[in-house]
Amino acid sequence: RSYQAPEGKGGCWGSEDNSTAMDDQYCCPCPDGAECEEGTTLSTLRIEEDYFRLSRSTPMVYECKIDGACVGGLNSSDLCAEGYDPEYPLCGVCAADYYASSEGCYPCDASER
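Be aware that the sequence shown starts at 1, since it is given in our numbering, and climbs by one per residue.
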């Protein structure tokens with residue numbers, strides 16, 4: 001499992017000797033919490049459920065601390081479940097018009113809660 005390093009970077013982030021040169025492309029180890037299919041690049045790393053990354057330009061992937069808040073995906077704006085604000089790291093804050101309870105984020109007008 002690996003991904004291609006960004007063009008012109010000459011290696012993998014956070015690693016001095018953890019890359020392998022292949023025809024002027026570098027293959028970097030796939031971070032935990034990411035899916036690296038053949039042809040994956042840094043910008044196309046798909047993030048697994050329960051993980052988050054701050055942007056498509058970083059290989060740093062973090063485990064979410066709130067069950068069900070991080071749904072995974074490609075874009076950081078799509079990594080949070082409904083009701084969680086993707087502008088905050090790890091989907092750790094409820095979105096506008098949602099309130100926080102011990103069970104998660106719920107719409108402010110949710111009469112069943």
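Watch out, some of these pointers could steer you wrong.
[What the hints assert, rightly or not] Simulated DEER-style distance windows between Cβ atoms:
(1) 2 with 101: 37 to 43 Å
(2) 49 with 107: 21 to 27 Å
(3) 108 with 35: 20 to 26 Å
(4) 39 with 97: 26 to 32 Å
(5) 2 with 103: 21 to 27 Å
(6) 96 with 58: 23 to 29 Å
(7) 109 with 35: 20 to 26 Å
If you're looking for bench data, these hints aren't it; they were derived computationally from the structure. Even glycine gets a Cβ: it sits at the ideal position worked out from N, Cα and C.
Right, here's what the structure says about each hint:
1. The hinted window of 37 to 43 Å between residue 2 and residue 101 holds, with their beta carbons roughly 41 Å apart.
2. Take residue 49 and residue 107: their Cβ atoms lie about 22 Å apart, and the range 21 to 27 Å holds.
3. In this structure the hint that residue 108 and residue 35 lie 20 to 26 Å apart at CB is violated, the actual value being about 35 Å.
4. Taking 26 to 32 Å as the suggested C-beta distance range, the pair residue 39 and residue 97 does not conform, at roughly 40 Å.
5. Roughly 38 Å separates the CB atoms of residue 2 and residue 103, a value that falls outside the hinted 21 to 27 Å.
6. Separated by about 26 Å at the C-beta atoms, residue 96 and residue 58 satisfy the suggested range of 23 to 29 Å.
7. Between residue 109 and residue 35, the C-beta spacing of about 36 Å breaks the proposed range 20 to 26 Å.
Hint violations for this structure: numbers 3, 4, 5, 7, all remaining hints satisfied.
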